[in-house]
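Colleague: Once you have looked at the hints, place chain B on chain A.
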Amino acid sequence: MTIDHAQQPVLTVDKLVKVFPGPAGHEHPAVNQVSFTLESGGSLAIVGESGSGKTTTARIVAGLETATSGTVDVDGRVLAGRSRRRTRLANARLVQMVFQDPFGSLDPRQSVGAGIKELLAVHFGWGTAQLTERVTALLQQVGLDERHANKLPRNLSGGQRQRVAIARALALEPKILILDEAVSALDVSVQAQVLNLLADIREATGVSYLFVSHDLGVVRQITETCIVLNQGKIIESGSTAQVLDSPEHPYTQALIDAVPKPGWKPRRRT
Amino acid sequence: MSQEALLNVVDLSIELTDSVPRRTLVRDVSFTVRQGESVGLVGESGSGKSMTVKAAMRLLPRAADATGSIEFEGVSVLDMGRRELARYRSSDVAMIHQDPRAHTNPMQTIGDFLIEGVVSAGLQSKAAAIDRAIGLLDEMGIKDAPRRMAQYPHQLSGGLLQRVMIASALMSEPKLVFADEPTTALDVTVQSEVIAIMVEQIQERGLGMLFITHDLDLAAAVTDSLVVMYAGTVVEKGKAHDIYAGPRHPYTAALLASRPSTTHVKRLVSIPGRPASAYEVPTGCVFAARCPFATELCRSDRPVARELDGRVVACHRAEELTHELKTAASA
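Chains as they are written, first to last, in my numbering: chain A, 1291 to 1560; chain B, 4 to 334.
Extracted from the complex, chain A is given alone in its bound form:
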């Protein structure tokens, strides 16, 4: 994997702040002055625990949440809070998201193929033949075939459902794919398949990944750079290898120590 540093970053997040309303005087900043850039074709991890603000950050980048202040610049285009339908659709083609639970993010009453076709029709207005061809190609890209196009999500296994979610996200050829704990709910043996698939897809398409995860093993395999969030703030950032091998912040060290491994002794903090 080569990164062309002369290239414009595909994503620039600058001083992002998100404050959720609370009782007067107790407004809670979920994301606090978060800035980072993602190189074109690169892969960046947002690491943190529950409540660290990692998912909120990802949702703002995806346009599902509006920032209190700060800017998100995707491929030279500033994503504003409210916009017209045409702009929204164009923005949707830039950033796509895969969620943790594929069962909750797919329509239970729509077949896999019909779902992808609907998506393509809204954005590109293609004819039937072209739609069918593209659906087959997309399913093949994620290791499924035409037979799966007619199935409902409930007739697929967890790994297959997550592959469908990835195919749907890739359908619009986004510049950035946001993966929010996308492999956390999968069995270990299936998780390995999906991780390999994600590596292959990035190699083949040059899409950039924004990978939200608490799992440091997964982060190590799939990303080149990472930021560690704690209580809404970036406490450490750098290349994934460097951050995980020689963490500078005690919190990052605590995260690494908490991963079960041979000879691991669970620790009490209190």
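Everything labelled a hint here was simulated from the structure, so no lab data went into it. One should not assume that every hint holds.
Below, a list of computed lysine-lysine pairs in the DSBU-like style, where the Cα atoms sit at most 35 Å apart [stated by the list, open to error]:
| id | chain 1 | residue 1 | chain 2 | residue 2 |
| --- | --- | --- | --- | --- |
| 1 | A | K1551 | B | K178 |
| 2 | A | K1441 | B | K242 |
| 3 | B | K57 | A | K1551 |
| 4 | A | K1555 | B | K242 |
| 5 | B | K57 | A | K1465 |
| 6 | B | K242 | A | K1523 |
| 7 | A | K1551 | B | K269 |
| 8 | A | K1523 | B | K57 |
| 9 | A | K1441 | A | K1407 |
| 10 | B | K57 | A | K1441 |
| 11 | A | K1441 | A | K1465 |
| 12 | A | K1551 | B | K129 |
| 13 | A | K1551 | B | K329 |
| 14 | B | K146 | A | K1407 |
| 15 | B | K178 | A | K1441 |
| 16 | B | K242 | A | K1407 |
| 17 | B | K269 | A | K1555 |
| 18 | B | K57 | B | K269 |
| 19 | A | K1523 | A | K1555 |
Label pairs and their calculated CB-CB ranges [to be verified]:
| id | chain 1 | residue 1 | chain 2 | residue 2 | range |
| --- | --- | --- | --- | --- | --- |
| 20 | A | D1435 | B | S333 | 26 to 36 Å |
| 21 | A | P1313 | B | M110 | 33 to 43 Å |
| 22 | B | M110 | A | S1359 | 39 to 49 Å |
| 23 | A | S1536 | B | H326 | 47 to 57 Å |
| 24 | B | A248 | A | D1304 | 45 to 55 Å |
| 25 | B | A153 | A | T1377 | 37 to 47 Å |
| 26 | B | S333 | A | S1536 | 35 to 45 Å |
| 27 | B | M110 | A | D1397 | 30 to 40 Å |
| 28 | A | Q1430 | B | A248 | 37 to 47 Å |
| 29 | B | G84 | A | A1404 | 49 to 59 Å |
| 30 | A | T1495 | B | G138 | 38 to 48 Å |
| 31 | B | R150 | A | R1444 | 53 to 63 Å |
Partial chain B-side listing against chain A, Cβ under 8 Å, derived [to be verified]:
| id | residue |
| --- | --- |
| 32 | V78 |
| 33 | L81 |
| 34 | D82 |
| 35 | R85 |
| 36 | H217 |
| 37 | D220 |
| 38 | A257 |
| 39 | R262 |
| 40 | P263 |
Predicted, not measured: the structure shown is a model, and the values here were computed from it. Where is the CB? At the ideal position from N, CA and C, for every residue including glycine.
Modeller: Just chain B, lined up with the frame of chain A:
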């Protein structure tokens, strides 16, 4: 470690009777938990690990039929009468569930939740139970226990509530604790803390523990011995350290190899296909369809679990593959 067997499961099979043909969920599972020993029951979705534990507590759904034998201190759990069963569940064994929020009553205070079981079973007086509950919360590292007793589950974080669950499991002074994925829903640093407390409390009391998890690394770190299940059968069991250092069944080796490492980047060795359930696998070895080492024999004859170098393995080729599996697992 005492040699006295607390829980002895022999040739346990579980079938669903409400489908035609009957669906097998668990097939010929045998293992033992001794006093003071912690045993890890490891497997992926559909491996039958949760069903096995439900059977050990006689909590199987009505349509599930268990055969074989489950003995607790020599008494058959499957043949217990109502009163015996009530006593067994209330004072001999306890269960820690995966999701504490689903197993607490949102309308009941932590204090009432903790004392309800022992008071209604007539094991302790209300005053004694309250004292004990406060003492246990204290030992779980929960500061300000009396105040927590008056709070409701929604006022506690997930990690704190799981500690309350551990305290509730210890209330009746059981001899054996079933922990069903007790930390899967928690953050890693919280998991580390909750596991530390749970293991410490269980070891201090010399209790037996059956630890159910999908995480082989976690199980190997906290248990004495492992039972690895796939598609409703035991594929390998033995000392946790031995299995972790040198798996003898291709499935165990593949599980170890497919776990992403935090220290180096590698192309993960993925197991093709998906985890199967017992009723889906054809005759022959349950893992044959996904096994890179499978031969004709593996596809036609199901291997019998047999002793091999101090552990039990159900694989035709275990001897000849020793070296390959060790390399595969550590690759």
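Colleague: Name the hints, by number, that the structure is in violation of.
Modeller: 2, 5, 6, 8, 12, 14, 15, 16, 18, 21, 23, 25, 26, 30, 31, 32, 33, 34, 35
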